[in-house]
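Using the sequences and the hints given, assemble the complete structure.
Protein chains in written order, with the numbering used here: chain A, 506 to 850; chain B, 6 to 355.
Just so you know, the hints here were simulated from the structure itself, not pulled from any lab data.
Idealized CB from N, CA, C, for every residue including glycine.
Just so you know, not all the hints are guaranteed correct.
As the list claims (entries may be wrong) - Only some residues are given here: those of chain B computed to face chain A with a beta carbon under 8 angstroms:
hint : residue
1    : Leu-229
2    : Ser-231
3    : Lys-232
4    : Asn-235
5    : Gly-240
6    : Asn-242
7    : Tyr-243
8    : Thr-245
9    : Val-247
10   : Gly-248
11   : Lys-297
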Amino acid sequence: MESIATINQETAHLTRPILYTQGLTIGYKTKRNTLELEKDLNIKIRNGELVCLIGPNGCGKSTLMRTIAGLQKPLHGETFIAEVDVNNIKPHQYAKLLSLVLTDKVNVGAMTVMDIVSIGRYPYTNYFARLKSSDYEIIERSLDSVHLTSYKDRFFNELSDGEKQRVLIAKALAQDTPLILLDEPTAHLDLPNRVEIMNILKRLAKETNKAIFLSTHELDLALQTADTIWLMNREETLKSGTPEDLVLSGMFERVFKSSAFTFDKLSGSFKVVHPTKGKVSLSGNDVHSTWARRALERDGYQVVQDADWPISILHEEDRWKLEMNGKTFQCQDIGELLSTIREAN
Amino acid sequence: MAAINSYILKPWLVVVIGIGLIISLFLLDLSLGSVKISVEELLNIISGNPSKKSWEYIFFSFRLPKAITAILTGAGISVAGLQMQTLFKNPLAGPSVLGISHGASLGVAVFVLSSTAIFGVTTNFQEALGSWGLVLFAIAGSFLVLLSVLFASARISDGVTVLIVGLMFGFMTGAVVSILQYFSDPELIQNFLVWTFGSLSGVAWSQLRVMGPVIALTLLLSLLYSKQMNALLLGENYATGVGINVARTRLKLILTTSVVAGTITAFTGPIAFIGVAVPHLARLLFRTSNHKILIPGTMMSGAVIMLICDIVSQVPGAQTTLPLNSVTALFGAPVILAIIIKNKKMKGAF
Numbered sequence: 506m507e508s509i510a511t512i513n514q515e516t517a518h519l520t521r522p523i524l525y526t527q528g529l530t531i532g533y534k535t536k537r538n539t540l541e542l543e544k545d546l547n548i549k550i551r552n553g554e555l556v557c558l559i560g561p562n563g564c565g566k567s568t569l570m571r572t573i574a575g576l577q578k579p580l581h582g583e584t585f586i587a588e589v590d591v592n593n594i595k596p597h598q599y600a601k602l603l604s605l606v607l608t609d610k611v612n613v614g615a616m617t618v619m620d621i622v623s624i625g626r627y628p629y630t631n632y633f634a635r636l637k638s639s640d641y642e643i644i645e646r647s648l649d650s651v652h653l654t655s656y657k658d659r660f661f662n663e664l665s666d667g668e669k670q671r672v673l674i675a676k677a678l679a680q681d682t683p684l685i686l687l688d689e690p691t692a693h694l695d696l697p698n699r700v701e702i703m704n705i706l707k708r709l710a711k712e713t714n715k716a717i718f719l720s721t722h723e724l725d726l727a728l729q730t731a732d733t734i735w736l737m738n739r740e741e742t743l744k745s746g747t748p749e750d751l752v753l754s755g756m757f758e759r760v761f762k763s764s765a766f767t768f769d770k771l772s773g774s775f776k777v778v779h780p781t782k783g784k785v786s787l788s789g790n791d792v793h794s795t796w797a798r799r800a801l802e803r804d805g806y807q808v809v810q811d812a813d814w815p816i817s818i819l820h821e822e823d824r825w826k827l828e829m830n831g832k833t834f835q836c837q838d839i840g841e842l843l844s845t846i847r848e849a850n
Numbered sequence: 006m007a008a009i010n011s012y013i014l015k016p017w018l019v020v021v022i023g024i025g026l027i028i029s030l031f032l033l034d035l036s037l038g039s040v041k042i043s044v045e046e047l048l049n050i051i052s053g054n055p056s057k058k059s060w061e062y063i064f065f066s067f068r069l070p071k072a073i074t075a076i077l078t079g080a081g082i083s084v085a086g087l088q089m090q091t092l093f094k095n096p097l098a099g100p101s102v103l104g105i106s107h108g109a110s111l112g113v114a115v116f117v118l119s120s121t122a123i124f125g126v127t128t129n130f131q132e133a134l135g136s137w138g139l140v141l142f143a144i145a146g147s148f149l150v151l152l153s154v155l156f157a158s159a160r161i162s163d164g165v166t167v168l169i170v171g172l173m174f175g176f177m178t179g180a181v182v183s184i185l186q187y188f189s190d191p192e193l194i195q196n197f198l199v200w201t202f203g204s205l206s207g208v209a210w211s212q213l214r215v216m217g218p219v220i221a222l223t224l225l226l227s228l229l230y231s232k233q234m235n236a237l238l239l240g241e242n243y244a245t246g247v248g249i250n251v252a253r254t255r256l257k258l259i260l261t262t263s264v265v266a267g268t269i270t271a272f273t274g275p276i277a278f279i280g281v282a283v284p285h286l287a288r289l290l291f292r293t294s295n296h297k298i299l300i301p302g303t304m305m306s307g308a309v310i311m312l313i314c315d316i317v318s319q320v321p322g323a324q325t326t327l328p329l330n331s332v333t334a335l336f337g338a339p340v341i342l343a344i345i346i347k348n349k350k351m352k353g354a355f
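As structure tokens, then:
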């Protein structure tokens with residue numbers, strides 16, 4: 506407890522980040538050959554920073570996670586957490602610097618939420634894992650942070666996937682480390698749960714000044730919540746920066762480029778590429794036109810603002826006025842609009 | 006919602022009931038047998054004025070060591086089972102299922118039978134039964150099998166396959182035992198066969214003097230492992246993450262399990278299914294997988310079940326006894342079947 510508090514204070518005053526790597530090369534070594542996934546990485550995470558690691562499947566996200574966590578040996582270089590080399594650290598010391606939330610399936614029949622979260626206090630307890638009142642306070646606070654206070658006595662196996670993930674985050678919080686590392690914490694969760702987990706993590710980083718490092722496939726969420734994004738792909742070395750800078754530099758488009766979709770810099774989201782059948786002019790800029798544009802784009806039309814094209818659409822008085830091949834149609838909704846256009850072409 | 010985990014009985018009440026149950030079953034075990042000695046008479050014998058001199062002899066020479074052995078064996082073999090279930094993350098692991106008892110049998114067979122098979126010297130089986138040499142051979146045998154199964158299981162993630170691996174090791178050790186038997190003295194073979202039926206009455210005071218401290222010590226040790234075992238339940242990486250030295254913990258668990266299973270098997274013969282079944286009974290009874298409660302809970306339940314099995318095997322009122330190994334199998338195997346049927350997905354059984 507005390508030692509961690511002092512570490513936190515010290516590092517807050519230092520310009521040194523809580524985690525940094527020096528010439529870190531990650532990958533796998535077999536008897537015959539060596540596979541280098543990333544070479545000579547010099548990356549850092551500061552206190553209170555939320556860092557999201559994103560990249561396509563198979564680019565080595567998990568390997569980087571595991572290497573930084575000291576669960577896998579690097580090919581070269583070192584990782585320092587609070588100035589300590591993770592590969593040269595005593596188990597109990599390690600557990601006070603870094604807590605983990607992993608993708609490993611946890612199967613523990615009759616363990617309660619309380620049982621699981623108190624395992625987070627193990628680095629601080631004696632041989633019998635006896636909890637002091639200060640331990641109980643931290644456990645209560647951790648459960649409160651993930652909105653699970655009333656779930657204390659529930660069995661872990663009876664919880665939903667989202668609740669289980671929150672319990673494991675509470676366990677990591679109870680461990681009270683300056684750095685929390687989460688491997689795909691939003692995988693297998695539905696949208697509300699994904700957003701909630703990300704919000705919780707964002708808030709924790711700000712409120713507790715902990716550094717939070719997570720890998721995810723949720724690009725939208727990462728762009729909206731991360732302070733820093735580490736972008737990984739197979740061809741290039743890892744790029745790190747604020748989400749906005751990475752978008753403007755075109756990195757996002759490059760890393761996730763595909764013939765099936767494009768990254769739209771303006772909206773910050775991915776769009777599926779549809780083959781173009783022709784151009785349609787659409788006037789108006791309100792909600793109705795926005796959704797009509799999406800429908801038309803899905804159907805393979807490129808939507809333009811000027812009115813010189815054979816098909817033009819105007820929304821007025823809750824109806825759609827469609828002019829096509831010299832004729833005028835009145836449509837009730839977007840569905841009717843689409844089917845009219847489809848019939849005529 | 007919070008009431009889901011509320012106990013019907015308070016934990017301390019369960020402990021009081023458990024201890025009460027152990028004491029009454031202990032007295033019952035002392036009282037019942039081919040000759041019935043009433044509880045009143047038991048008190049007379051203890052206070053030093055028995056009604057019959059032969060009863061005093063039966064009590065001190067047979068019943069008392071046997072009842073103490075029942076408690077030690079029940080608690081020991083059950084905790085060994087629990088440790089293996091957590092170690093392998095497999096609800097069906099246990100000394101008899103994974104071939105650990107077979108390993109111990111092999112050790113015993115090698116120690117007892119090889120002397121005649123190889124050197125032509127006839128050993129006295131009863132004499133050998135209490136010796137340190139035999140105990141060490143049994144421990145070495147179970148350690149060897151446990152280590153092999155663990156090594157194999159590191160390459161296999163499927164729980165049922167690990168059980169098959171254990172079964173194969175069991176067959177292999179069984180084959181070696183058969184070969185040793187083939188070359189041994191007939192009388193010795195018969196003694197060995199009787200030993201494989203399992204019996205608590207073979208343990209006399211002189212042997213209890215060896216077995217008692219060993220089992221008691223390892224049981225005390227296993228009480229110290231609750232923290233590491235809880236962390237292991239979450240998986241190796243999580244355990245490492247909270248500062249547990251996984252490799253060292255695994256070695257400790259293997260060592261204590263082999264010492265307990267080996268020692269008990271050396272003295273009582275292999276005892277089937279108690280090690281698998283009792284931890285599940287304890288989980289059900291105490292409604293927790295938290296080892297802080299589960300380890301002492303398993304010891305208590307194991308002692309109770311073993312005393313009951315011993316009483317049943319004595320067939321109260323009759324002049325005959327049943328092989329203990331069969332009684333425990335008749336009790337344990339249905340429990341395992343029930344667990345498999347109830348949790349169609351085995352992993353949920355923890």
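Which earlier hints turn out false for this structure, listed by number in ascending order?
-> Result: no hint breaks.
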